[in-house]
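Given the sequences, and given the hints that come with them, work out the whole structure.
Listed here are the chains, written in short residue letters.
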Amino acid sequence: MTEAFFHQEWAQLEDALAGTQSRVTLRCKHTVARPVFDALVQCRRRGLQVQLSLPDTALNRQSAIAWERLSAIGGHIAWRQAASEAAVDGSFPALALVLDDAQVFTGKLGTGICAADDASEVPGLVCWSDADFVRQTRQVIDDEAGWGVVEVDPGAALSTSNAVQIRRGGGAAQQAWLSGVLQHHALATQAEIAETQRQMALFDHAQEQSLGPLMRDYLRAKAQYLQQLALQDQTAREEARAAQQRWNDYEATQAAADQDAGPATLDDDALDQIKQLYRKLAMQCHPDRVADADQARAAQLFQSLQTSYRRGDMAALFALQESVARAGFQTLASGESQQSDAASPTQAADAQLAQEEQAALEARLRALRSALGQRHEALEALRTSATWRTLSSQPNWDVWFAQQQQYLQGELQRFEAELHTHAPSATDPMAHA
Amino acid sequence: MPESSLPGSALRTVAAQALTVASANRLDLVAQTLDDVQQRETRAFFEAHPSLLQHCAQNHYPLDAELLAAHAMRWDWRRLSASAAIPWSLDLLSQFEDCWDWDNLSKNPYLPWSGALLQAFVRRWNWGLLSGNPALPWSLELLEAFAPLWDWRVLSRNAELPWTGALITGNTHLWDWVGLSWNDGLPWNVTLMTRFAERWDWTGLSANPGLPLDADLVAEFAPFWNWSWLSRNTQIAADAALLQAYADHWDWTALSQRRLLRWNAELLAQFEPRWDWKALSANAALPWDEALLLRWEHHWDWHALSGNTASWWSEALLERCAERWDWDALSENPALPWSPALVARWAGHWDWDRLSWNPALPWALDGAATMLAAHADRWDWAGLSQNETMPWSQAWVDACPDQWDWERLSANPALFTALAGSGAAPDALAAFILRYADRWNWATLSGQAALPWSQPLYRQCAAHAFAHLVAQHQDFGVCALPVEVVGVLLAVLDGGDTLPGADFA
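Each protein sequence line maps, in turn, to chains U and D. When we follow our numbering, the leftmost residue of the first sequence carries the number 1, and every step to the right adds one. When we follow our numbering, the leftmost residue of the second sequence carries the number 1, and every step to the right adds one.
Certain hints may be false.
Unchecked claim - Which residues of chain U face chain D? A few of them, derived with a C-beta cut under 10 Å, are: (1) Leu17; (2) Arg44; (3) Gln62; (4) Ile73; (5) Val126; (6) Ala201; (7) Asp204; (8) Arg246.
To be verified - Computed footprint of chain U on chain D, listed as stretches where at least three residues anywhere in the stretch have a Cβ under 8 Å from a Cβ of chain U: (9) 32-42; (10) 132-142; (11) 160-166; (12) 177-191; (13) 409-423.
Read the hints as simulated data drawn from the structure, not as lab findings. Don't be surprised by glycine CBs; every beta carbon is placed ideally from N, CA and C.
See below:
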């Protein structure tokens with residue numbers, strides 16, 4: 001069971017840390033931001049067992065954070081050597097945080113909190129509560145840090161002696177674990193892209209209802225005016241051509257978009273329901289999660305899932321649920337490789353995978369990293385678009401539309417007045433457009 | 001392995017189709033068009049309000065060297081030196097070296113701090129302020145490189161330093177030991193505390209929440225502690241054994257106020273003669289229930305008890321001890337089960353001045369309007385006007401315009417947050433604001449960041465608003481203007497170039 005957070009990640013994490021009862025283990029890929037470190041110190045002061053694993057780099061050693069604060073009050077810090085970094089760190093998430101051996105957070109915090117982290121990663125957290133996954137995560141971090149499993153007596157945590165029980169998993173187990181992490185992050189990011197696009201579609205529809213006719217008139221009037229200007233002034237030709245092109249493009253989008261019904265407006269309950277259904281179905285029919293033989297059918301169903309979600313079409317999603325059930329896909333478990341079917345994490349550790357199986361696993365990791373990277377780029381592109389900035393910053397879209405209407409109306413009137421004043425003849429250049 | 005068979009490839013195909021191409025294109029086109037229109041509007045807006053432009057540019061625009069130089073006489077260099085918006089660089093600092101306020105620069109967290117930057121202007125910096133700037137890349141090397149220049153008294157209080165035992169040991173003659181003792185950023189442990197036991201300020205250590213305070217540490221330094229401060233230290237988790245071991249040392253009044261003790265009936269009984277029962281009466285962390293109240297009935301201070309914010313209050317409890325409560329204290333207690341009915345039930349008992357300032361009154365419940373009207377002559381309207389839990393709206397304000405305290409209303413962010421969330425158009429909002437133009441405190445209102453300022457709203461309120469105060473928290477889109485446009489607009493303000501003619505493109 002996983003849950004994705006892409007908004008206020010730090011607030012989510014703070015809440016989770018505040019509710020932690022016995023143990024916090026944090027593995028950082030790069031460094032720890034001050035607020036996160038302070039939160040760990042606070043956890044320790046509350047009597048929790050606190051473990052921090054971070055790379056032994058100059059950036060960390062010379063940072064403004066006094067690491068000894070945590071050690072002095074009984075926290076554990078494992079400095080990972082740079083040599084071991086190359087082996088696993090490339091695909092590790094920026095942070096992996098295990099709470100009470102019951103939950104794991106993987107991902108990256110927002111830039112406001114972790115400015116020094118890998119800029120190529122998009123902020124976002126995935127929360128895991130699956131017992132096996134939590135156990136595997138602990139094993140990977142424990143083995144790497146060399147502190148093993150620390151026995152905790154919650155009642156006397158401040159004076160806990162560290163009974164260390166080392167378990168060695170081996171590289172293959174780590175990679176299988178990473179494969180699972182990457183796959184879930186890809187799914188979570190995909191869900192976030194779908195939600196972002198659903199909101200953009202909703203905004204597009206509302207914007208078209210409010211501004212569509214006025215926008216059409218405005219673009220037309222501007223193109224007309226610039227064409228008229230270009231007749232008198234050669235230097236205005238390029239601008240006139242661009243305005244004409246924009247009007248043509250807008251008309252073309254109108255024709256195509258008119259065929260697409262507007263998305264449904266959902267209340268909070270319906271939105272929660274549709275999000276849950278989306279995630280459940282994505283886990284079942286995501287092309288990355290089905291066997292090779294089912295890929296084509298899964299891709300088809302997943303595309304329908306995307307469309308239905310964007311439209312907020314609950315009925316279509318329920319119908320899709322039946323289709324997915326009928327398809328009977330055999331989904332792959334977290335971390336399971338299509339190329340090495342026998343390689344479940346524990347088995348991989350025990351069986352010492354052969355070299356070619358290892359190579360296949362590494363290829364899968366590379367491919368997953370690439371797919372995740374592309375999805376992050378797609379999400380980043382959506383989130384940095386002017387549309388997203390507008391729709392996410394405006395508390396009331398109607399007020400914003402009304403204001404834009406006012407602006408457009410003013411500009412339209414000015415173009416029309418100019419056209420009227422400077423019209424060289426009765427010829428309407430747009431008649432030939 | 002062929003690319004098509006790699007995981008993720010199928011997803012890449014379908015992901016791109018989640019938003020229809022037509023919708024995506026239309027959104028892009030409309031966004032570009034509205035950006036163009038908005039930029040033109042913004043330019044026209046600032047042409048009409050040049051003074052506002054200057055303040056907005058100064059507070060929010062990433063002014064480059066050219067703009068800084070061209071309008072050097074116009075800028076408030078002291079304020080600029082504290083700016084987060086300027087693209088700070090060593091070159092920029094050099095270019096205007098004589099203009100900057102070096103005190104503000106020394107405090108500015110947004111500079112690209114490095115050893116090289118410190119060295120470049122070594123005689124300009126205020127080293128006392130630098131010593132307390134948390135944004136510096138603090139390291140042993142940095143401290144050593146400029147050791148004679150730092151203000152070690154300030155450094156000693158700076159929790160951001162890379163504190164280690166070695167850092168402290170290596171500079172014993174430089175540290176201010178009082179400052180160090182109060183600093184919770186140090187890696188406090190028994191070794192460190194023992195080594196410099198004679199140097200520490202033990203009052204500071206006793207109050208320091210950074211210490212790993214447990215029974216062993218308390219025992220280790222028992223002769224040194226300032227027990228009054230130790231009793232107040234938020235990190236000490238004293239249990240009955242620890243309390244007993246140093247029973248004659250603890251400050252029992254301070255302990256009685258502590259929330260983090262493991263409060264229970266046995267603990268209260270064990271140290272009954274030692275507790276400060278007045279302080280205990282106000283302590284919300286005790287396991288309050290009727291049994292506890294009855295058991296120590298004659299110890300409680302009923303005035304303090306009436307102000308206790310534990311969540312154990314009920315209407316029955318109020319009723320049962322009605323004659324014993326201090327109704328003045330109850331009137332300002334946010335933990336009571338407030339309802340319009342409760343207010344009405346004890347209308348003759350409340351201190352209405354205190355009641356009016358109580359942030360927990362049930363203004364969000366049904367019957368709040370009736371409650372407001374029914375006791376109109378009793379309320380202290382200054383208290384009500386600053387209340388952030390009222391169901392603020394235009395209608396709510398319009399209902400009793402002569403009774404509000406408009407100074408406090410102007411400063412109440414909840415009113416303006418509610419107006420912003422009401423969906424009122426800027427014109428309607430401006431009409432509301434202007435309806436009471438002679439009542440608002442316009443200086444306060446201009447500094448009110450919760451008011452949903454916009455270009456149309458400012459246009460209508462420009463005659464009253466203070467541009468420099470509004471510009472402290474609003475940029476009115478100035479950052480979207482190209483640098484050359486800002487330059488032209490500022491030139492007009494300087495009385496230089498005239499604006500070019502209207503250019504529709």
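Here is how each hint holds up against the structure:
The restraint placing U/Leu17 at the interface with chain D is violated, with a minimum CB-CB distance near 17 Å, outside the 10 Å limit. The closest approach between the C-beta of U/Arg44 and any C-beta of chain D is roughly 9 Å, which is under the 10 Å cut-off, so the hint is satisfied. A least Cβ separation of about 4 Å between U/Gln62 and chain D falls short of the 10 Å threshold, and the interface hint therefore holds. The beta carbon of U/Ile73 comes within 4 Å of a beta carbon in chain D, closer than 10 Å, and the hint placing it at the interface holds.
The beta carbon of U/Val126 comes no nearer than 17 Å to any beta carbon in chain D, farther than 10 Å, and the hint placing it at the interface is violated. Among the interface hints, the one on U/Ala201 holds; its C-beta lies about 6 Å from the nearest C-beta in chain D, closer than the 10 Å criterion. With 10 Å as the threshold, the beta carbon of U/Asp204 comes within range of chain D, its nearest partner Cβ sitting at about 5 Å, so the hint holds. The closest approach between the C-beta of U/Arg246 and any C-beta of chain D is roughly 6 Å, which is under the 10 Å cut-off, so the hint is satisfied.
With a cut-off of 8 Å between beta carbons, the segment 32-42 of chain D has 8 residues touching chain U; three or more are needed, and the interface restraint holds. Counting residues of the segment 132-142 of chain D whose CB falls under 8 Å from any CB of chain U gives 7; the rule of at least 3 is met. Coverage of the segment 160-166 of chain D by chain U holds in this model, with 6 residues showing a Cβ closer than 8 Å to a Cβ of that chain against a need of three. Proximity of the segment 177-191 of chain D to chain U, defined as three or more residues with a beta carbon under 8 Å from a beta carbon of that chain, is established by the 5 residues found.
With a cut-off of 8 Å between beta carbons, the segment 409-423 of chain D has 3 residues touching chain U; three or more are needed, and the interface restraint holds.
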